[in-house]
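**Q** For the protein sequence lines, the chains are E and B, in the order given. Going by full-length UniProt numbering, 252 is the number at position 252 of the first sequence; the sequence numbering is gapless. Going by full-length UniProt numbering, 42 is the number at position 42 of the second sequence; the sequence numbering is gapless.
Everything labelled a hint here was simulated from the structure, so no lab data went into it. Just so you know, even glycine gets a beta-carbon here, dropped at the ideal spot from N, CA and C. Check the hints yourself; a few may be wrong.
Claimed, not checked - Quick list of in silico lysine-lysine cross-link-like pairs, PhoX-like style, CA-CA up to 20 angstroms:
| hint | chain 1 | residue 1 | chain 2 | residue 2 |
| --- | --- | --- | --- | --- |
| 1 | E | K147 | E | K118 |
| 2 | B | K34 | E | K147 |
| 3 | E | K302 | E | K341 |
| 4 | E | K118 | B | K208 |
| 5 | B | K208 | E | K124 |
| 6 | E | K168 | E | K124 |
| 7 | E | K118 | E | K184 |
| 8 | E | K170 | E | K118 |
Said to hold, decoys possible - Label pairs and their calculated CB-CB ranges:
| hint | chain 1 | residue 1 | chain 2 | residue 2 | range |
| --- | --- | --- | --- | --- | --- |
| 9 | B | M118 | E | E249 | 56 to 62 angstroms |
| 10 | E | D142 | B | F237 | 56 to 62 angstroms |
| 11 | E | A19 | B | R219 | 45 to 51 angstroms |
| 12 | E | A144 | B | F237 | 51 to 57 angstroms |
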Amino acid sequence: MPDNTHNQDPLAGKATPEAFLEIQGLSKLFDGYAAVDDVSLTIRRGEIFALLGASGCGKSTLLRLLAGFERPDQGQILLDGHDIAAVAPYDRPINMMFQSYALFPHMTVEANIAFGLKQEGLPKAEIAERVGEMLRLVQMTDYARRKPHQLSGGQRQRVALARSLAKKPKLLLLDEPMGALDKKLREEMQLELVNIIEQVGVTCVMVTHDQEEAMTMAGRIAIMDKGRLIQVGKPLDIYEYPNCRYSAEFIGSVNLFDGVVARDEPDTCLVSCPELEHPVLVNHGQSVAEGQAVTIAIRPEKLQLCDQDLPQDDNWLSGEVEDVAYLGSLSVYHIRLASGKRIMATLPNRHRSHKGNPTWGERVSLRWEADSCAVLQD
Amino acid sequence: MSLLPRFRGRQLVIALPYAWLLLFFLIPFLIVLKISLSESVLAIPPYSQMLSFADNQLQLLLNFNNYLFLLSDSLYIQSYLQSLQVASVSTLLCLLIGYPLAWAIVHSRPSTRNMLLMLVILPSWTSFLIRVYAWMGILGNNGFLNNVLLALGMIDSPLQILNTNTAVYIGIVYAYLPFMVLPLYTALMRLDYSLVEAAADLGARPWKTLLTVIIPLTRGGMIAGAMLVFIPAVGEFVIPELLGGPDTLLIGRVLWQEFFNNRDWPVAAAVASIMLLLLMVPIMWFHHSQRKELEGRP
Numbered sequence: 001m002p003d004n005t006h007n008q009d010p011l012a013g014k015a016t017p018e019a020f021l022e023i024q025g026l027s028k029l030f031d032g033y034a035a036v037d038d039v040s041l042t043i044r045r046g047e048i049f050a051l052l053g054a055s056g057c058g059k060s061t062l063l064r065l066l067a068g069f070e071r072p073d074q075g076q077i078l079l080d081g082h083d084i085a086a087v088a089p090y091d092r093p094i095n096m097m098f099q100s101y102a103l104f105p106h107m108t109v110e111a112n113i114a115f116g117l118k119q120e121g122l123p124k125a126e127i128a129e130r131v132g133e134m135l136r137l138v139q140m141t142d143y144a145r146r147k148p149h150q151l152s153g154g155q156r157q158r159v160a161l162a163r164s165l166a167k168k169p170k171l172l173l174l175d176e177p178m179g180a181l182d183k184k185l186r187e188e189m190q191l192e193l194v195n196i197i198e199q200v201g202v203t204c205v206m207v208t209h210d211q212e213e214a215m216t217m218a219g220r221i222a223i224m225d226k227g228r229l230i231q232v233g234k235p236l237d238i239y240e241y242p243n244c245r246y247s248a249e250f251i252g253s254v255n256l257f258d259g260v261v262a263r264d265e266p267d268t269c270l271v272s273c274p275e276l277e278h279p280v281l282v283n284h285g286q287s288v289a290e291g292q293a294v295t296i297a298i299r300p301e302k303l304q305l306c307d308q309d310l311p312q313d314d315n316w317l318s319g320e321v322e323d324v325a326y327l328g329s330l331s332v333y334h335i336r337l338a339s340g341k342r343i344m345a346t347l348p349n350r351h352r353s354h355k356g357n358p359t360w361g362e363r364v365s366l367r368w369e370a371d372s373c374a375v376l377q378d
Numbered sequence: 001m002s003l004l005p006r007f008r009g010r011q012l013v014i015a016l017p018y019a020w021l022l023l024f025f026l027i028p029f030l031i032v033l034k035i036s037l038s039e040s041v042l043a044i045p046p047y048s049q050m051l052s053f054a055d056n057q058l059q060l061l062l063n064f065n066n067y068l069f070l071l072s073d074s075l076y077i078q079s080y081l082q083s084l085q086v087a088s089v090s091t092l093l094c095l096l097i098g099y100p101l102a103w104a105i106v107h108s109r110p111s112t113r114n115m116l117l118m119l120v121i122l123p124s125w126t127s128f129l130i131r132v133y134a135w136m137g138i139l140g141n142n143g144f145l146n147n148v149l150l151a152l153g154m155i156d157s158p159l160q161i162l163n164t165n166t167a168v169y170i171g172i173v174y175a176y177l178p179f180m181v182l183p184l185y186t187a188l189m190r191l192d193y194s195l196v197e198a199a200a201d202l203g204a205r206p207w208k209t210l211l212t213v214i215i216p217l218t219r220g221g222m223i224a225g226a227m228l229v230f231i232p233a234v235g236e237f238v239i240p241e242l243l244g245g246p247d248t249l250l251i252g253r254v255l256w257q258e259f260f261n262n263r264d265w266p267v268a269a270a271v272a273s274i275m276l277l278l279l280m281v282p283i284m285w286f287h288h289s290q291r292k293e294l295e296g297r298p
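Build out the structure end to end from the sequences listed, making use of the hints.
**A** Listed below in structure tokens is the structure:
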């Protein structure tokens, strides 16, 4: 799990979180195909919200609808109580940081940042002051007179961020903010970007296909597929309590078992899966009916190694290690069960040698806690 | 050893166009320059020799009278100025018509885009002369345009368009428009449209985006197109000759008259030399601005 120290919801204590951006029944068709399909979403003031999905899922179209580059075919976009769906992009109090940064190549860093302020017709002194402030915010004061092509990728991103924040927008949009950076710089900039955004206090909607980026940067995430929202929630909720197969498989790795509810009690339910020798006991709230077909999802890191077969009759499995992938901090084990099903388990490498960890061809038993698996009902 | 033939091949590739330019541009130009500094005589060829050898003396005769004559006769200055004016106005008209045209082609569907581009180029596949003759048929007093306007009742008597400067402008703009549209098309295709969106996002209205982002970033295409129209338009002969009137006195026509009617080769050569000199100014400027643009972008 990536670091998620800023995932604490500042408004968690309030009974009714303030809706700052409200998207209601928004749809956008391209040649009869719905790129965004009846999306409703509420985003709170000061929140960093990520739209996460594979390419072509409609997340970029949704962002472009917010920016005003596309007009919705249906639905409303309420920003701070005003419907902006029909407002032209140049009249929206919304600024965007483009994936390619879209810095004007014929203008200096200063002129790029000043561009939006000039459109407002502010006095020169005020523009200069605000540009200076923005340059300090992103630590680019020394580069004010440079042209974009004289900057590195990371510096260009800072300028793009400064330009999109210069007008003090009500809403900041980030389109694949780390897309143009290499991996090392990416991790550095993710936290810095969040710091700057939180310092300014602007509400932010970002689009990304990178789950780690979304989990690191955003307070809440919406997973999108085929133009629809699949699941909306905090990173922890989405990872630990996926509501469907798509969201379980999209974020992280997961082992899925089809099964049938064998017994339903107020706090627990017992699911029997043909691929598993032993039934699965789930002890957190599920509203299922006996005999209902469900899918059990268990994350690979939730499986724990046991020395021998367990006396208990649920929540464990055994199989043969078929493959081991050593990743440094942990190893991924591919295990074949008696039913022929292959599952994945990750175990930390606590010792330098493989002492205590199973190896190829070895028979292992793995168990899990009753509250560590999820029941998917689709 | 294996490097040698390749090295020679590379030199050859560079040397060939230079040899071509030397042979068919520089040497002829020097000959013209030489003729412009000689005297007109009744002989074949009809100009005096620059170098003469008599009485053991090698004489170099440089006659600047032709140039002084051009400066003293207002006819030549007038026609130079009129040529520059016609070329400038035509270039501006081509730009004003060509820019929206190129924009529309770039922003059409990819399938129709190639066809529209073909339609721009297609007229160049037929003879230039035939197309200018066609304009005579359209613009004449009993021509297509006047007949249509008369039939529609918009005019009572035919408009005199043919044999006026208006006809010359129509002809030049028509003939050179493709040379303006193609570089503009390339420039607009290369333009990164996320920059246009970024400008709108930052609050710039469409016309402001055009002035502050689109035009500055397509300047190279505009200058290239302007050069391709302006330079040949200055020396244009066929269009003013066929479509222009008696008061259309352009330098190409003066040159022709000097050469073929007056048979004064030295003056004609001087007219041509000065025209080239005049054209050097925009060419140098073009060169300069292109270098600046190259510096601006890596």
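**Q** Take the hints in turn and mark each one as holding or not.
**A** So, going through the hints one by one against the coordinates:
Distance restraint check for E:K147 and E:K118: the Cα-Cα separation of roughly 19 angstroms lies within the 20 angstroms cut-off, and the hinted pair is therefore satisfied. For the proposed pair B:K34 and E:K147, the alpha carbon gap of about 49 angstroms is over 20 angstroms, so the pair is violated. For the given pair, E:K302 sits about 18 angstroms from E:K341 by alpha-carbon distance, which is consistent with the 20 angstroms threshold. Of the pairs offered as hints, the one joining E:K118 and B:K208 holds, with about 11 angstroms between alpha carbons and a cut-off of 20 angstroms not exceeded.
Proximity of B:K208 to E:K124 is assessed by CA-CA distance (about 18 angstroms); at most 20 angstroms being required, the pair is judged to hold. With a C-alpha separation of about 17 angstroms, the suggested pair E:K168 and E:K124 falls inside the 20 angstroms cut-off, and the hint holds. This hinted pair does not check out: E:K118 and E:K184 have alpha carbons roughly 36 angstroms apart, beyond 20 angstroms. Note on E:K170 and E:K118: the hinted pairing holds, with a Cα-Cα distance of about 18 angstroms set against a maximum of 20 angstroms.
Between B:M118 and E:E249 the beta carbon distance is about 49 angstroms. The supplied range of 56 to 62 angstroms is therefore violated. Distance hint for E:D142 and B:F237: a CB-CB separation of about 59 angstroms, consistent with the stated range 56 to 62 angstroms. The given range of 45 to 51 angstroms is respected by E:A19 and B:R219, whose C-beta atoms sit roughly 46 angstroms from each other. About 54 angstroms separates the C-beta atoms of E:A144 and B:F237, a value consistent with the hinted range of 51 to 57 angstroms.
Against the hints set out earlier in the document, violations occur for numbers 2, 7 and 9.
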